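Undergrad: Residue numbers (the numbering used here), protein chains in the order written: chain D, 1 to 551; chain F, 1 to 265.
Simulated from the structure, these hints should not be mistaken for lab results.
These numbers come from a predicted model, not from an experiment.
Misleading hints may appear alongside valid ones.
List of simulated lysine-lysine pairs, DSS-like, C-alpha gap at most 27 Å [to be verified]:
id, chain 1, residue 1, chain 2, residue 2
1, F, LYS113, F, LYS123
2, F, LYS143, D, LYS402
3, D, LYS203, F, LYS113
4, D, LYS7, F, LYS113
The calculated label-pair distances, taken between Cβ atoms and stated as ranges, are [said to hold, decoys possible]:
id, chain 1, residue 1, chain 2, residue 2, range
5, F, ASN21, D, VAL440, 35 to 43 Å
6, D, LEU285, F, GLY234, 42 to 50 Å
7, F, THR60, D, GLY14, 30 to 38 Å
For glycine and all other residues, C-beta sits at the position ideal for the given N, C-alpha and C.
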Amino acid sequence: MHEFIMKLLDRFSGMFRRAGIDYPALRTIVRIKLTMDGRKPNGVLEAIGKSKKPSADKPEKSPFAVNWLYVLMSLAMIPFLFLNDSLAGMTFVFTLLMFFQGTAMIADFSSVMLDTRDRSILRTKPVDGRTFGMAKTVHIIVYLFLLTASLVALPLMAVFVFKGAAAGLVFLLEIMLVTGLDISLTAAVYYAVLRLWDGERLKDMINYIQIALAVGLMVGYQIMIRIFDFSALGAGFEPGGWWLLAPPVWFGAPFGLLQGNGGISYVFAACALLVPLLSVLLYVLMLPQFEQQVQKLTQGGGAGKRRSAFRPLELIGDLLIRNPRERAFYRFACAMMGKEREFKLKVYPSVGFSMVVPFIFMASQLKAGLDSLSVVWGLMLYGTGLAIPTLLTLLSFSSRHKAAWIYSTSPMEETGAVHRGAVLASLIKLFLPVFAVAAVVFLLLFGKAFVPDLIAVFLSLLLFAVVCYLILPRKLPFSEPFPAGSSSQNGLQAFLLFVILAAFGGIHFGIRAAGWPYSVWIFSAALIGLNYAAWKYGFRGRSTGKAASAK
Amino acid sequence: MANELGEAVIRLQDVRMNYGNKFVLKGIDLEVYPGQIIGYIGPNGAGKSTTVKLMLGLETGYGGKIEVLGHNLSDGSSAYKGRIGYVPETAEIYDTLSAREYLTFCGELYGLKPEDADYKGAKLMRLFGMEEVYDSRIDSYSKGMRQKVMLVASLLHNPDLLFLDEPLSGLDANSVMIVKEILAQLAAEGKTIFYSSHIMDVVEKISSRIVLLHDGHIAADGSFAELKAQGAEGSLEQIFNDLTGFTEHAEIAGRIVQAVQEDYS
């Protein structure tokens, strides 16, 4: 692939030379950039645990392995192509295309477009500014071409085959236009963020978009195949004037024209042509200013945010924990989980995913209608507990794992406090919000009658967390490097914990079914006692010697 | 002394630079001749790296005149950079590449053939005792190993002028001796070395000429012996403190020690 691109580029060497570009230098830069692209871990793939760390010493690896994921994603567009109403169908297709392209670009752009090392490495060499700029542009074009090609290859084929050559050509042209629009929009987002804030904020934003993309992929896929009914879509889709604000409609409109629509569709189609061209023009004109803002990325954060006086999380910790050293670890774990980008990228998506697990279990029931839903189905809320083993496993990883020397050099008699503080922090900071959202939805679905069960579920899951801690290997928090690929969890343990979680649900179900008065309340009271004992004694008996050898 | 040394390699005339309201360089005049090892020193924020970045064309918008290797920088061409080697302070490097790939790449940008750049890179790395890791990714290297790669990258194309910013950082004592000796021998061959550092002992020993930048001006210029003769005394460190008007180090240290020992219980 690599070589193919370089050969293709060589075809244009004459053109570059005539434009006064130092072609050998351009070729060298583009080639090395593509090599580096092939080695960088892919954010999105990494988040869903599929990516293998590019191996250190293998000379060449296909730089484009990631693109299979995009091909897979593009399958989501296919069904919309077959809606009777072309305008509506193609609008959905372009919505998806813009979403995929935009998120991928924002997530990858920092390495493709904003490599701040370029300045001190490339500009100090005898390479003139024009060649440098052109090399950058060529690199972006190659990157976008590969990204877009894998995203649209299948849909484009489908359009040509099923809708005819005219529609196919229109689609092809529009793909180029939409790509142009997406570049300018992405650059505009970056420019705005960099202008208003600093590089650190931009890196945070890129991080959140990667997380959103990963969650969107996992959740969207599950929901789509279970709940979505494609055939009902698009019926009676009549664009009014205010649709002018939604760019995908512009790109859908020409297909409406092919089908014989008229009127306002002409305005939309004109937008589809003119707006991208204007935005690309603007982008080219603004490029120098953009480059200047990019330098901010190297400068790091400014003053940093002052911590606000009201910190509810720390209050909860202070309330529950008396040992000062344990409090320290609780706060430390909270800060690490909130700040470390790689940790967030790995953990947030899987924790967020657990929020929808109960709804996936109930999907068939939900489709059948809410009226037939009995409160027993509320026990599906146990599904959110699947997040806990993942969370506790990932808790021991960090991209700065070497800093864990701090555990061994500080005076600590036993590591139980470290573990309990960190486990509690992970539950409160990451699991609780997710559980709360699911719980609110469940309360809306089942009403007041669900309250006792909700309390019991929550207490069971707290107990389950201690069980997980006891079964999973006990490593100090943030003390190991992230493993490559998805090998972070032991399959057998995961299964065992799943069975235990199901058992919790089963006991709860049995107690409900027995039908004694106040049975659920009594169950909850028993759980409170068990929790007290488990949290008090479950973390004991870890000597420092063990901790030192574990590291 | 200018004429006996030949054409100036660097000529700065009343160079001024400001970022917004912040005046970093307030009129720098400096001529550097072949074979000199310039120790360019000054407090943090004095404008040292700005000066180097200007001469490399990384920053523009300066006032005054800058000539490097007989070439006036205002015309914007960058061919003169082919005779310059540069080691930046922060080891900025494409660290997903192996040393072989990175060095070949750098050599190619300087117009070497890839085979030649690779051959020379391998040879230099071997001399630095790093042949085993030549094909490993740079992000697996230690700090000192990275620094050696940076040094090799700056020397591959046999430059006439070297800009080095803390080139010894992270190197072990033996490597430091090698690099110091390399600099001395290169200077004897007529190469010019522009060396900035905060380690005064090293600057004192290796520089044939010391230029002290303070508050956007050149506060002192001459060999170590000449600086001493101008009335300053003691080590270069003391001269540095004198000339930058910093006398309260003992007092600040005292306050820090006091704060360390405060007891809050």
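Undergrad: Taking the hints in turn, state whether each one holds.
TA: How the hints compare with the structure:
For the proposed pair F:LYS113 and F:LYS123, the alpha carbon gap of about 15 Å is at most 27 Å, so the pair holds. Of the pairs offered as hints, the one joining F:LYS143 and D:LYS402 holds, with about 15 Å between alpha carbons and a cut-off of 27 Å not exceeded. Distance restraint check for D:LYS203 and F:LYS113: the Cα-Cα separation of roughly 38 Å exceeds the 27 Å cut-off, and the hinted pair is therefore not satisfied. In summary, the hint linking D:LYS7 to F:LYS113 is supported, as the alpha carbons are separated by about 19 Å, within the 27 Å threshold.
A hinted range of 35 to 43 Å for the beta carbons of F:ASN21 and D:VAL440 is inconsistent with their spacing of about 52 Å. One distance hint, 42 to 50 Å for the beta-carbon pair D:LEU285 and F:GLY234, is violated here, with the actual separation near 58 Å. At about 31 Å, the CB distance of F:THR60 to D:GLY14 agrees with the hint of 30 to 38 Å.
In this structure, the earlier hints numbered 3, 5, 6 are contradicted, and the remaining ones agree with it.
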